[in-house]
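S.K.: Sequence:
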Amino acid sequence: LLTAAASAHAGAVDLGGGARLYPAAGFLPIARALSGGALLPAGLDFFSSERWSMRAVFPGPAENRLVLAVPYYPGWRVWVDGVPARVELYDGLTQSVRVGGGAVRAVFHFSPTGWAWLCLATALFWGAALWFFPSRIFS
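Heads up: the sequence shown begins at 11 in the numbering used here, then just goes up one per residue.
No wet-lab data here; the hints were simulated from the structure.
By construction, the Cβ of each residue, glycine as well, lies at the ideal position given by its N, Cα and C atoms.
Certain hints may be false.
As the list claims (entries may be wrong) - Now the in silico label distances, taken between C-beta atoms and shown as ranges:
id: 1; residue 1: Y83; residue 2: R115; range: 19 to 25 Å
id: 2; residue 1: P51; residue 2: L103; range: 18 to 24 Å
id: 3; residue 1: A131; residue 2: G53; range: 38 to 44 Å
id: 4; residue 1: F135; residue 2: D55; range: 36 to 42 Å
Turn these sequences into a full structure, and let the hints guide you.
M.R.: Quick look at the structure:
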């Protein structure tokens, strides 16, 4: 299992280029809460492939983070307790958000970048094709 989790794991093998191979004790959950490097339980509500909601309770305002093990891609946005926050790359592949202490709820939402422009370009293309070449399309 390739991961850039805590570098203090025993038995890690350096693969070069900053990549390390860590022994896996099992699969990590798709939603996890990290507080100062410690793994805490996190709840996950799956609404669609574009919308995920996570919740966790953190003991204090340490370095807290909610990690969603879904590949990071431009277009992901997150709200923490209803306030927009910054989605950060985690492990070089997945996404996360920094949060404060106490009970926290984060909602991740994906909206592809440039989707409206792509739809507009497609509609303009088909409109032009129907206008200039109607006999080729309808014959």
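S.K.: Please go over all the hints and tell whether each is borne out by the structure.
M.R.: Do the hints match the structure? See the list:
1. Y83 x R115: 19 to 25 Å: holds (22 Å)
2. P51 x L103: 18 to 24 Å: About 22 Å separates the Cβ atoms of P51 and L103, which means 18 to 24 Å holds.
3. A131 x G53: 38 to 44 Å: Between A131 and G53, where Cβ atoms are some 40 Å apart, the hint holds.
4. F135 x D55: 36 to 42 Å: holds (39 Å)
When the structure is compared with the earlier hints, no violation turns up for any of them.
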